[in-house]
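Below, each chain spelled out in residue letters.
2 protein chains.
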Amino acid sequence: MSSLRSWFSIPRGSHFSLANIPFGIISTASSKTPRVAVAIGDHALDLEAFAASNGFSALSTIQPHQAVFSQSSLNAFAALGRPIHSVVRKYIQSVFSEDTTYPNVLKTDFDLQKKVLVPLKDVKMHLPFKIGDYTDFYAGLNHAYNVGVLFRGPANALQPNYKHLPVGYHGRASSVVVSGTPIRRPNGQVLSNPAAEKKVPALSPCQKLDIELELGAFVCKANNMGEPVPIGEAEGSLFGVVLMNDWSARDIQAWEYVPLGPFNAKNFGTTISAWVVLADALAPFKTKGLENDSEVLPYLKEKDEKTFYDIKLQVDLKTPTGNSTTISKTSSRNLLWSFPQMLAHHSITGCPMQVGDLLGSGTISGLEPGERGSLLEQNENGKTSIMLSGGDERKFLGDGDEITISGVCGSDEDALVGFGQCVGRIEPALKM
Amino acid sequence: MSSLRSWFSIPRGSHFSLANIPFGIISTASSKTPRVAVAIGDHALDLEAFAASNGFSALSTIQPHQAVFSQSSLNAFAALGRPIHSVVRKYIQSVFSEDTTYPNVLKTDFDLQKKVLVPLKDVKMHLPFKIGDYTDFYAGLNHAYNVGVLFRGPANALQPNYKHLPVGYHGRASSVVVSGTPIRRPNGQVLSNPAAEKKVPALSPCQKLDIELELGAFVCKANNMGEPVPIGEAEGSLFGVVLMNDWSARDIQAWEYVPLGPFNAKNFGTTISAWVVLADALAPFKTKGLENDSEVLPYLKEKDEKTFYDIKLQVDLKTPTGNSTTISKTSSRNLLWSFPQMLAHHSITGCPMQVGDLLGSGTISGLEPGERGSLLEQNENGKTSIMLSGGDERKFLGDGDEITISGVCGSDEDALVGFGQCVGRIEPALKM
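Chains as they are written, first to last, in my numbering: chain D, 1 to 432; chain G, 1001 to 1432.
Don't read these hints as lab results, they were simulated from the structure.
Among these hints, one or two may not hold up.
Stated by the list, open to error - Here are the simulated lysine-lysine pairs, BS3-like style, with alpha carbons at most 27 Å apart:
(1) G:K1221 - D:K130
(2) G:K1301 - D:K198
(3) D:K221 - G:K1130
(4) D:K431 - G:K1130
So that you can see chain D by itself, here it is in the shape it has in the complex (with noise of 0.2 Å):
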């Protein structure tokens, strides 16, 4: 790769500086079908409209494959595997680097910069990908300790099989939405009062509205039924990373989940970043995960323990006051088990895996109170309240609440990879 500076004004501090290089879907008022592009600054590259102008011309090996950036996901693309994902982002940063050896494909011809070129406030993001099935994982330790001595009690806040294997459940592919969509607030069951002995279900809306700070990862490679995923090729099986909020519903949940786990707790509504930074593009900012001292089996046994990524997490809350207050500051290191072993994990059974399966990483919280990725654990379960700027105070969402959480990697102001923002603002419960 050439250097990273770039003839192309990229903002210092920027999300989407040079290094990254994120993916997403996007359409215009003028080009209304969803497309592939890539962030770059305050533009996205439009790469339908790019490749259509022989802009991989010197790619030879995407220019069989140039029919993956006119579709509507990024499905297509990402089965063509991480040998490929790396060449073509690695040449988009050479195509914009100041010593680019290829100034004639974009730095010199005007033209194409303004066909291919949009700024992203005049772009609308799309979900990046086709999603077959959502499956969300528990992996943020402190988080589940958290709400196990909130449930529990400290002497059992962890279950006994919490550090022998990565958690999970599945989720609800078709309620996963972009950031920026709408999230209704829920109507379900929940108990009238639930500390009378006679359990007396009404329905309501949901009045323990929660986030969940999680990652999400996409699956860029299937496997066969019955054949699981080695944990030493987990790794190349994973296209990229997503910041997600997990819409929660506690008093649904607190009711709905024995015997099966939580259900319309969790299917009103997940909110994704619209642009899936690609593994390579994390791969600077690996580190290692939250010790685990369990001895763990060598199916989930990863031989380097770098696997983790130090994500900058920040999660905000707009009133509709419009008084904003930063309400959790966290590393993304804050998880037990990696994406590889969860997808190891997940695919133990035989279960098959395909393109464009969502991961989510759980809730991620740190050790500290300032540090917490869910609403219940810093009101412990409506105990307490989270004061806000203004004067406003909470113990669970509002009606016209926005949440947004940010992420990004690294300090050097040219050379930020970032994901952009994840937000979705709660509207009111319909009437029924």
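For this one, chain D is given, so just place chain G on it according to the hints.
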């Protein structure tokens, strides 16, 4: 509709009488592209070929939509809606009826008969739907009670929520396979010694491989995210029904399922029968389900109580020695919650349902020992053995065992509405 007697030879006792007309996806040796067909007696009527030969010329409603019959799944046909399914089924019944008003369409056209009617034995069946999300409910009251007794004793057998809502969980769509697909015994984490105080897991082939006798229903109408399907409209959103075997790894389940429910125990395979029986065809066999002695919330209350089906279900186990034993016989009315109730509950939060989503009923068991839909119930979690013909016995499934579920409505041998079979044979676990 005309008489149910046909000019076409339909063997007495066929599941696919003229009263049925189930839909499926076929391919043949001479035409390997999967396409839509219906089953009639021992034959499949290839609807792509039938449409291409102007078979639907007398049915103007379907003509703009005939491309749906060339699809490799029923999703596009299903999306046309219940009124169209109804018209197409009735038209096919008319074409095949003895006193057909359309004799030229097929009855007297022997060349066309040769072209579009394929013996079932020469047909390869495919998964009928491209399944977006698969949800498995737990509506079999007797099963839930029996399992609850085994794990929590009779006093707490049913959880407090059980009679107030259809308990369910999100399943794994990618591992739903069509009847006849072999099922490989999964490997997974199990406790080496479950009774020991220190919980030490091992990676092992599942030793408690079980079946679950279920029905599955396919959704044919999408709802927008945030907009629940009202109970009064739920029946109209259901395309039809299949038999289902939700293979279960009980030892994996016992270790993994706290606190988020079953995961690996269920994601290695779920088998469904190949022909989808339309809701219309099942209408004459509607009946009440099990009585619910709890007051049900209005969003789950049905005007008509007869929203369950009286399908005679049977499970046969054939060992590798070739001996086959009927191990269960029951009726599908042994459910506390109907499919419309499941759909209304599933979407009460605004969860978006999509065409091709699959809803599983949960395991169906009657009250008597010979009517239980899982081995777990039959063997009291491994305490007793099930005696098979030929002197074999089983607690759980052995390698090479083949499970066949069959289901049929009605008693008139000339007008059965049946599902054919849902078959799966266990292959040995992969050596790890």
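Here is how each hint holds up against the structure:
Proximity of G:K1221 to D:K130 is assessed by CA-CA distance (about 19 Å); at most 27 Å being required, the pair is judged to hold. Restraint check: the Cα-Cα separation between G:K1301 and D:K198 comes to about 21 Å, which is no more than 27 Å; the hinted pair holds. Annotation: proposed proximity of D:K221 to G:K1130 holds, straight-line Cα distance about 19 Å (limit 27 Å). Among the hinted pairs, D:K431 with G:K1130 is inconsistent with the structure: their alpha-carbon atoms are about 33 Å apart, more than 27 Å.
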